[in-house]
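K.L.:
So you can see what is in the structure, the chains are spelled out below.
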Amino acid sequence: QKEVEQNSGPLSVPEGAIASLNCTYSDRVSQSFFWYRQYSGKSPELIMSIYSNGDKEDGRFTAQLNKASQYVSLLIRDSQPSDSATYLCAVNPRAGGTSYGKLTFGQGTILTVHP
Amino acid sequence: EPEVTQTPSHQVTQMGQEVILRCVPISNHLYFYWYRQILGQKVEFLVSFYNNEISEKSEIFDDQFSVERPDGSNFTLKIRSTKLEDSAMYFCASSEKGFTEAFFGQGTRLTVV
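Line order of the protein sequences matches chains A and B.
Under the working numbering, think of the first position of the first sequence as 43, with each following residue one higher.
Under the working numbering, think of the first position of the second sequence as 593, with each following residue one higher.
Derived from the structure by calculation, the hints contain no laboratory data.
Do not take every clue at face value.
[What the hints assert, rightly or not] Straight-line Cα separation of at most 25 Å, SDA-like style, residue types lysine to any residue; simulated pairs: (1) B:Lys-670 to B:Asp-654; (2) A:Lys-109 to A:Glu-47; (3) B:Lys-634 to A:Tyr-113; (4) B:Lys-634 to A:Tyr-81; (5) B:Lys-634 to A:Ser-124; (6) B:Lys-649 to A:Glu-47; (7) A:Lys-109 to B:Lys-634; (8) B:Lys-634 to A:Glu-87; (9) B:Lys-634 to B:Asp-655; (10) B:Lys-634 to A:Val-71; (11) B:Lys-689 to A:Asp-69; (12) B:Lys-649 to A:Val-71; (13) B:Lys-649 to A:Thr-66; (14) A:Lys-109 to B:Thr-692; (15) B:Lys-634 to A:Val-55; (16) A:Lys-98 to B:Glu-688; (17) B:Lys-634 to A:Ser-126.
[Unchecked claim] Far from chain A, by Cβ distances over 10 Å, these chain B residues were calculated: (18) Glu-610; (19) Asp-654; (20) Arg-661; (21) Pro-662; (22) Ile-671.
Small disclaimer: the values here were computed from a predicted structure and weren't measured.
Ideal Cβ positions, reconstructed from N, Cα and C, are used throughout, including at glycine.
Please take these sequences and the hints and turn them into a complete structure.
P.N.:
Structure, rendered in structure tokens:
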């Protein structure tokens, strides 16, 4: 069973702080990793994708990938109350050429940013 | 900005009835998906569709489910005989390639009574 694990939280941070969200995955051959944000009752919204080891930055968001440790994280700098949502880690368990795009999702981490 | 659109946003149906959920993927995308999310649970993969055929499906996607691309723009999910446990949010998604970002529609909330 290929698993994606996240701390369910809730994670509570003050406005302006850094929020750190973590995810581990069990399938070592996984090649594509994604972070989605989901507001209550809404659909997953793509925030970041990462395919290579290291860091990838986009505005206030930084994704970090360590394939040796099977670990992917998302940092949110200068957190805002509007960042309060559930953050979903998603993993594509196949290599690029053989992938049909199936994503395995974690259960999500609830983030609350308080003023 | 291109987006995935789904209709209807909410559907209520009686147990045993057939439902068809509709989706218009992003126009230059080649890979299409259906996912579902039961209230309070994970987003679960149902099926992927590429080159006019199912490329992968989950254990959930049994004979009660089918997908179709009836024309160049629509992608549908049919549930033949709905059960109470089919009540969930159903999300359509599409991606340009099989390993690239998937973009989700706003979802259809299916309620089976």
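K.L.:
Given the hint that Lys-649 (chain B) pairs with Val-71 (chain A), does the C-alpha gap stay at or below 25 Å?
P.N.:
holds, 19 Å
K.L.:
Say whether it holds or is violated: Pro-662 (chain B) keeps its Cβ farther than 10 Å from all Cβ of chain A.
P.N.:
holds, 21 Å
K.L.:
Regarding the pair Lys-634 (chain B) and Asp-655 (chain B), is the alpha-carbon distance no greater than 25 Å?
P.N.:
holds, 22 Å
K.L.:
Does Ser-124 (chain A) sit within 25 Å of Lys-634 (chain B), going by the straight-line distance between their CA atoms?
P.N.:
Answer holds: Lys-634 (chain B) to Ser-124 (chain A) is near 22 Å, not above 25 Å.
K.L.:
Decide if the proposed pair is consistent with the structure: Lys-634 (chain B) and Ser-126 (chain A), CA atoms, cutoff 25 Å inclusive.
P.N.:
Judged against 25 Å, a Cα distance of about 18 Å means the pair holds.
K.L.:
Against the 25 Å threshold, does the CA-CA distance of Lys-109 (chain A) and Lys-634 (chain B) hold or violate the hint?
P.N.:
Distance ~23 Å between Lys-109 (chain A) and Lys-634 (chain B) Cα, so the pair holds.
K.L.:
Would you check the hint for Lys-634 (chain B) and Glu-87 (chain A), treating anything up to 25 Å between C-alpha atoms as holding?
P.N.:
The hint holds at about 15 Å.
K.L.:
Is the straight-line distance between the alpha-carbon of Lys-649 (chain B) and that of Glu-47 (chain A) 25 Å or less?
P.N.:
With Cα atoms ~22 Å apart, Lys-649 (chain B) and Glu-47 (chain A) stay inside 25 Å; holds.
K.L.:
Holds or violated: Lys-109 (chain A) and Thr-692 (chain B), Cα atoms, limit 25 Å.
P.N.:
holds, 18 Å
K.L.:
Run the distance test for Lys-634 (chain B) versus Tyr-81 (chain A): straight-line Cα separation, threshold 25 Å.
P.N.:
holds, 14 Å
K.L.:
Is the straight-line distance between the alpha-carbon of Lys-634 (chain B) and that of Val-55 (chain A) 25 Å or less?
P.N.:
holds, 24 Å
K.L.:
Run the distance test for Lys-634 (chain B) versus Tyr-113 (chain A): straight-line Cα separation, threshold 25 Å.
P.N.:
holds, 19 Å
Of the numbered hints given earlier, the model fails none.
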